[in-house]
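*Asks:* Okay, here's what each chain looks like letter by letter:
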Amino acid sequence: AQSVTQLGSHVSVSEGALVLLRCNYSSSVPPYLFWYVQYPNQGLQLLLKYTSAATLVKGINGFEAEFKKSETSFHLTKPSAHMSDAAEYFCAVSDQAGTALIFGKGTTLSVSS
Amino acid sequence: SQTIHQWPATLVQPVGSPLSLECTVEGTSNPNLYWYRQAAGRGLQLLFYSVGIGQISSEVPQNLSASRPQDRQFILSSKKLLLSDSGFYLCAWSGGGAQTDTQYFGPGTRLTVL
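Protein sequences, first through last, are from chains H and W. Number 113 marks the last residue of the first sequence (our numbering); no jumps. Number 1114 marks the last residue of the second sequence (our numbering); no jumps.
Since the hints were made in silico from the structure, they are not lab data. Positions of the beta carbon are idealized from the N, C-alpha and C atoms, including for glycine. Hints are supplied without guarantee of correctness; some may be wrong.
If you want the ones that stay clear, here's a sample from chain H, every Cβ over 10 Å from chain W, calculated [what the hints assert, rightly or not]: (1) Ala1; (2) Ser14; (3) Ser27; (4) Gln42; (5) Leu44; (6) Gln45; (7) Leu46; (8) Lys49; (9) Lys69; (10) Ser84; (11) Ser94; (12) Leu101; (13) Lys105; (14) Thr108.
Quick partial rundown of chain W residues pointing at chain H, CB under 7 Å, derived from the structure [as the list claims (entries may be wrong)]: (15) Gly1054; (16) Leu1090; (17) Asp1101; (18) Phe1105; (19) Gly1106.
Using C-beta positions, here's what the derived DEER-type ranges look like [unchecked claim]: (20) W:Ser1017 <-> H:Lys69: 47 to 57 Å; (21) W:Glu1059 <-> H:His82: 33 to 43 Å; (22) H:Pro79 <-> W:Gly1041: 30 to 40 Å; (23) H:Lys68 <-> W:Val1012: 24 to 34 Å; (24) H:Ser9 <-> W:Asn1063: 26 to 36 Å; (25) W:Pro1014 <-> H:Pro79: 45 to 55 Å; (26) W:Gly1054 <-> H:His82: 37 to 47 Å; (27) W:Val1012 <-> H:Pro40: 36 to 46 Å; (28) W:Val1051 <-> H:Lys105: 23 to 33 Å; (29) W:Thr1010 <-> H:Lys69: 11 to 21 Å; (30) W:Gln1002 <-> H:Ala1: 23 to 33 Å; (31) W:Thr1010 <-> H:Thr72: 21 to 31 Å; (32) H:Gly16 <-> W:Ala1040: 24 to 34 Å; (33) H:Glu15 <-> W:Gly1016: 25 to 35 Å.
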């Protein structure tokens, strides 16, 4: 069965610092991988996705993620945090297009000035 | 462009009362539709998904049901709410072709059962 592990339920960084949110997955087949962001009391917004094209995926708001098959990881990074990046971030996986997404438990990112 | 709507945005209901949440998608045809629940301490969980009118798959046994009376309409219902039904309900859609792999989420409905 697929699963997603997000290491660290809370991550705190200073404005301008590197953001690194970790995601490891388990899947028996090449997966589809996603990062979503959720602001308080809002739905999930797609940040980026990996679908077996380039292993380094660029998304919105300056975020990017790298698919590493050998490490079964899909960590999310941003070189310089902004106050507006404070939100909850979810990593998700599916092994087939159009099927259920399996979500990690989420990581809350706090950004201090 | 495609948009997804959910209503109501918030709802407070007593235990034992019925429930109806609605989700509609605009700007696409024959989407896959999904209902997820986000509850405190339990993360995001898929409840139902539908690949077409009248076709519903249930992922988790519970006192909720779903229906798809029209191509772009997805309804979540309950005859009698439980306290444990409280949570944030999210509807999502995915399209055909190259967009089938990506799910896009609505704004959500916050349900509080008292």
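*Asks:* For every hint, state whether the structure bears it out.
*Replies:* How the hints compare with the structure:
Listed as outside the interface, Ala1 of chain H is consistent with that label: its C-beta sits roughly 13 Å from the nearest C-beta of chain W, beyond the 10 Å cut-off. Against the 10 Å criterion, Ser14 of chain H stays outside the reach of chain W, whose nearest CB is about 28 Å from its own CB. Against chain W, the non-interface label of Ser27 of chain H holds: every CB pair exceeds 10 Å, the least being about 14 Å. At roughly 6 Å from the closest C-beta of chain W, the C-beta of Gln42 of chain H falls inside 10 Å, breaking its exclusion from the interface.
Consistency note on Leu44 of chain H: stated as away from chain W, yet its beta-carbon is not over 10 Å from all of that chain's, at 4 Å minimum. Distance check for Gln45 of chain H against chain W: the nearest CB is about 7 Å away, which does not clear 10 Å, and the non-interface claim fails. With a least CB separation of 7 Å from chain W, Leu46 of chain H falls inside the 10 Å interface cut-off, contrary to its annotation. With a minimum CB-CB distance of about 6 Å to chain W, Lys49 of chain H fails to clear the 10 Å threshold, and the non-interface call is violated.
Against the 10 Å criterion, Lys69 of chain H stays outside the reach of chain W, whose nearest CB is about 18 Å from its own CB. Interface exclusion of Ser84 of chain H from chain W stands, the closest Cβ pair being 19 Å apart, more than 10 Å. A beta-carbon of chain W is positioned within 10 Å of the beta-carbon of Ser94 of chain H; the least distance is around 7 Å. With a least beta-carbon separation of about 6 Å from chain W, Leu101 of chain H fails to lie farther than 10 Å from that chain, contradicting its non-interface assignment.
Not every CB of chain W lies more than 10 Å from the CB of Lys105 of chain H, the least distance being 5 Å, so the non-interface label is violated. With 10 Å as the threshold on Cβ separation, the claim that Thr108 of chain H sits away from chain W holds: the shortest Cβ distance comes to roughly 13 Å. Interface restraint check: Gly1054 of chain W against chain H, minimum CB-CB distance 17 Å, threshold 7 Å, status violated. Among the interface hints, the one on Leu1090 of chain W holds; its C-beta lies about 6 Å from the nearest C-beta in chain H, closer than the 7 Å criterion.
Taken as an interface hint, Asp1101 of chain W checks out: its beta carbon lies about 4 Å from the nearest beta carbon of chain H, inside 7 Å. Among the interface hints, the one on Phe1105 of chain W holds; its C-beta lies about 4 Å from the nearest C-beta in chain H, closer than the 7 Å criterion. Contact between Gly1106 of chain W and chain H, as hinted, is supported at the beta carbon level, the nearest pair being about 5 Å apart and thus within 7 Å. Distance hint check for Ser1017 of chain W and Lys69 of chain H: the Cβ-Cβ separation is about 49 Å, which falls inside the suggested range of 47 to 57 Å.
A beta carbon spacing of about 36 Å between Glu1059 of chain W and His82 of chain H agrees with the range 33 to 43 Å that was offered as a hint. A beta carbon spacing of about 33 Å between Pro79 of chain H and Gly1041 of chain W agrees with the range 30 to 40 Å that was offered as a hint. Checked against the given bound of 24 to 34 Å, the beta carbons of Lys68 of chain H and Val1012 of chain W, roughly 45 Å apart, lie outside it. Between Ser9 of chain H and Asn1063 of chain W the C-beta distance comes to about 30 Å, which sits within the given range of 26 to 36 Å.
Taken as a hint, the range 45 to 55 Å holds for the pair Pro1014 of chain W and Pro79 of chain H, whose Cβ atoms sit roughly 50 Å apart. For the pair Gly1054 of chain W and His82 of chain H, the supplied restraint of 37 to 47 Å holds, since their beta-carbon distance comes to about 46 Å. The beta-carbon spacing between Val1012 of chain W and Pro40 of chain H, approximately 18 Å, falls outside the hinted interval of 36 to 46 Å. Checked against the hint of 23 to 33 Å, the C-beta distance between Val1051 of chain W and Lys105 of chain H comes to roughly 28 Å, which is consistent with it.
As the Cβ distance of Thr1010 of chain W to Lys69 of chain H is approximately 42 Å, the hint placing it in 11 to 21 Å is violated. The hint said 23 to 33 Å for the Cβ distance between Gln1002 of chain W and Ala1 of chain H, and at roughly 31 Å that hint holds. For Thr1010 of chain W paired with Thr72 of chain H, a C-beta distance near 39 Å fails the hint of 21 to 31 Å. For Gly16 of chain H and Ala1040 of chain W, the Cβ-Cβ distance of about 32 Å falls inside the hinted range of 24 to 34 Å, so the restraint holds.
Look at Glu15 of chain H against Gly1016 of chain W: about 49 Å separates their beta carbons, and that is not inside 25 to 35 Å.
Hints 4, 5, 6, 7, 8, 11, 12, 13, 15, 23, 27, 29, 31, 33 from the earlier list are contradicted by this structure; the remaining hints agree with it.
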